[in-house]
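**Student:** Each chain, letter by letter, is given below.
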Amino acid sequence: EDQVTQSPEALRLQEGESSSLNCSYTVSGLRGLFWYRQDPGKGPEFLFTLYSAGEEKEKERLKATLTKKESFLHITAPKPEDSATYLCAVRRNYGQNFVFGPGTRLSVLP
Amino acid sequence: DSGVTQTPKHLITATGQRVTLRCSPRSGDLSVYWYQQSLDQGLQFLIQYYNGEERAKGNILERFSAQQFPDLHSELNLSSLELGDSALYFCASSVVEQGEQYFGPGTRLTVT
Numbered sequence: 001e002d003q004v005t006q007s008p009e010a011l012r013l014q015e016g017e018s019s020s021l022n023c024s025y026t027v028s029g030l031r032g033l034f035w036y037r038q039d040p041g042k043g044p045e046f047l048f049t050l051y052s053a054g055e056e057k058e059k060e061r062l063k064a065t066l067t068k069k070e071s072f073l074h075i076t077a078p079k080p081e082d083s084a085t086y087l088c089a090v091r092r093n094y095g096q097n098f099v100f101g102p103g104t105r106l107s108v109l110p
Numbered sequence: 111d112s113g114v115t116q117t118p119k120h121l122i123t124a125t126g127q128r129v130t131l132r133c134s135p136r137s138g139d140l141s142v143y144w145y146q147q148s149l150d151q152g153l154q155f156l157i158q159y160y161n162g163e164e165r166a167k168g169n170i171l172e173r174f175s176a177q178q179f180p181d182l183h184s185e186l187n188l189s190s191l192e193l194g195d196s197a198l199y200f201c202a203s204s205v206v207e208q209g210e211q212y213f214g215p216g217t218r219l220t221v222t
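Quick mapping for you: the protein sequence lines, in order, are chains A and B.
Its first residue numbered 1, the first sequence is counted upward by one per residue in the working numbering.
Its first residue numbered 111, the second sequence is counted upward by one per residue in the working numbering.
Source of the hints: derived by calculation from the structure; they are not laboratory data.
Do not rely on the hints blindly, as some may be mistaken.
[To be verified] Computed list of lysine to aspartate or glutamate pairs in EDC-like fashion (alpha-carbon distance at most 16 Å, straight line):
| hint | chain 1 | residue 1 | chain 2 | residue 2 |
| --- | --- | --- | --- | --- |
| 1 | A | Lys57 | A | Glu70 |
| 2 | A | Lys59 | A | Asp82 |
| 3 | A | Lys57 | B | Asp111 |
| 4 | A | Lys42 | A | Glu1 |
| 5 | A | Lys68 | A | Glu81 |
| 6 | A | Lys42 | B | Asp111 |
[What the hints assert, rightly or not] Some but not every residue of chain B turned toward chain A, in silico, with C-beta under 7 Å:
| hint | residue |
| --- | --- |
| 7 | Ala166 |
| 8 | Gly168 |
| 9 | Pro215 |
[Said to hold, decoys possible] Restraint-style ranges between C-beta atoms, simulated for each label pair:
| hint | chain 1 | residue 1 | chain 2 | residue 2 | range |
| --- | --- | --- | --- | --- | --- |
| 10 | A | Lys42 | B | Thr222 | 21 to 27 Å |
| 11 | B | Gly126 | A | Ala77 | 51 to 57 Å |
| 12 | B | Ser137 | A | Gly41 | 41 to 47 Å |
| 13 | A | Glu17 | B | Glu192 | 40 to 46 Å |
| 14 | A | Gln3 | B | Gly113 | 41 to 47 Å |
For clarity, every value in this text was computed on a predicted model and none was experimentally measured.
Every residue gets a Cβ at the ideal spot worked out from N, C-alpha and C, and that includes glycine.
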């Protein structure tokens, strides 16, 4: 069965303390891995799309990487405004739908 | 602001009732997706439309139905509502079927 897991479930960092979030997947025929940021009570905000192992994307303090079985979202020198839930999703080779992971709740303390 | 609009923002209704949620995609986007997000189940894909045609179904109950109209807006109909249907319902849109999705602000449904 296709599965997407994320770890840790929650992460508390001090401002400036870099870390990484993990997204592991078991999917037949990956057609893309997506990262989103979600603030409480709001819709997910698109961050990155990765399509093949070895691919990397960067945006401000965030960098996403992809291997054959997992993706990492690296956060460098985070600020309190980076506090949110980070979701990853995979799109499968069959069908047209996305499978979302449960998310990692990130809190960055000043 | 993603450019995707959803109405209403909040909806409170009783068990057994029927409601309709509305979504307008970003200008130029042909594909619309519906998701349900509850505290215990995360973001669950319900259904996808592309240019008026149903393209994929996820964990959508038989009590739920959706459609996409010629002007590309979409409606999600929920009937015979149960307490467990209380959740945030999100609509998302994308230019092409394989592309990244842009989410609306959601409709919070409370069934009492």
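**Student:** Each hint needs a verdict: does it hold in this structure or not?
**Tutor:** Here is what the structure says about each hint:
The suggested pairing of Lys57 of chain A with Glu70 of chain A holds, with an alpha-carbon distance near 15 Å, which does not exceed 16 Å. For a cut-off of 16 Å, the pair hint linking Lys59 of chain A to Asp82 of chain A stands: about 12 Å separates their Cα positions. For the given pair, Lys57 of chain A sits about 22 Å from Asp111 of chain B by alpha-carbon distance, which is inconsistent with the 16 Å threshold. Taking the CA atoms of Lys42 of chain A and Glu1 of chain A, the gap is about 29 Å. The hint is violated against a cut of 16 Å.
The straight-line distance between the Cα atoms of Lys68 of chain A and Glu81 of chain A is roughly 31 Å, outside the 16 Å bound, and the hint therefore fails. Between Lys42 of chain A and Asp111 of chain B, the direct Cα distance comes to roughly 11 Å. Compliance with the 16 Å bound is thereby established for this hinted pair. Annotation: Ala166 of chain B was flagged as interfacial toward chain A, and the flag holds, the nearest CB pair being 4 Å apart, inside 7 Å. Of the supplied interface hints, the one on Gly168 of chain B holds, with its beta-carbon coming within about 5 Å of a beta-carbon of chain A, less than 7 Å.
Using the Cβ-Cβ criterion of 7 Å, the hint placing Pro215 of chain B at the interface with chain A is satisfied: the shortest such distance is roughly 5 Å. Restraint check, Lys42 of chain A to Thr222 of chain B: a C-beta distance of roughly 24 Å satisfies the suggested window 21 to 27 Å. Between Gly126 of chain B and Ala77 of chain A the beta carbons are some 53 Å apart, a value that agrees with the proposed interval 51 to 57 Å. A C-beta distance of roughly 25 Å is found between Ser137 of chain B and Gly41 of chain A, which places it outside the suggested range of 41 to 47 Å.
Between Glu17 of chain A and Glu192 of chain B the C-beta distance comes to about 44 Å, which sits within the given range of 40 to 46 Å. The beta-carbon spacing between Gln3 of chain A and Gly113 of chain B, approximately 32 Å, falls outside the hinted interval of 41 to 47 Å.
The structure fails hints 3, 4, 5, 12 and 14 (numbered hints given earlier, in ascending order).
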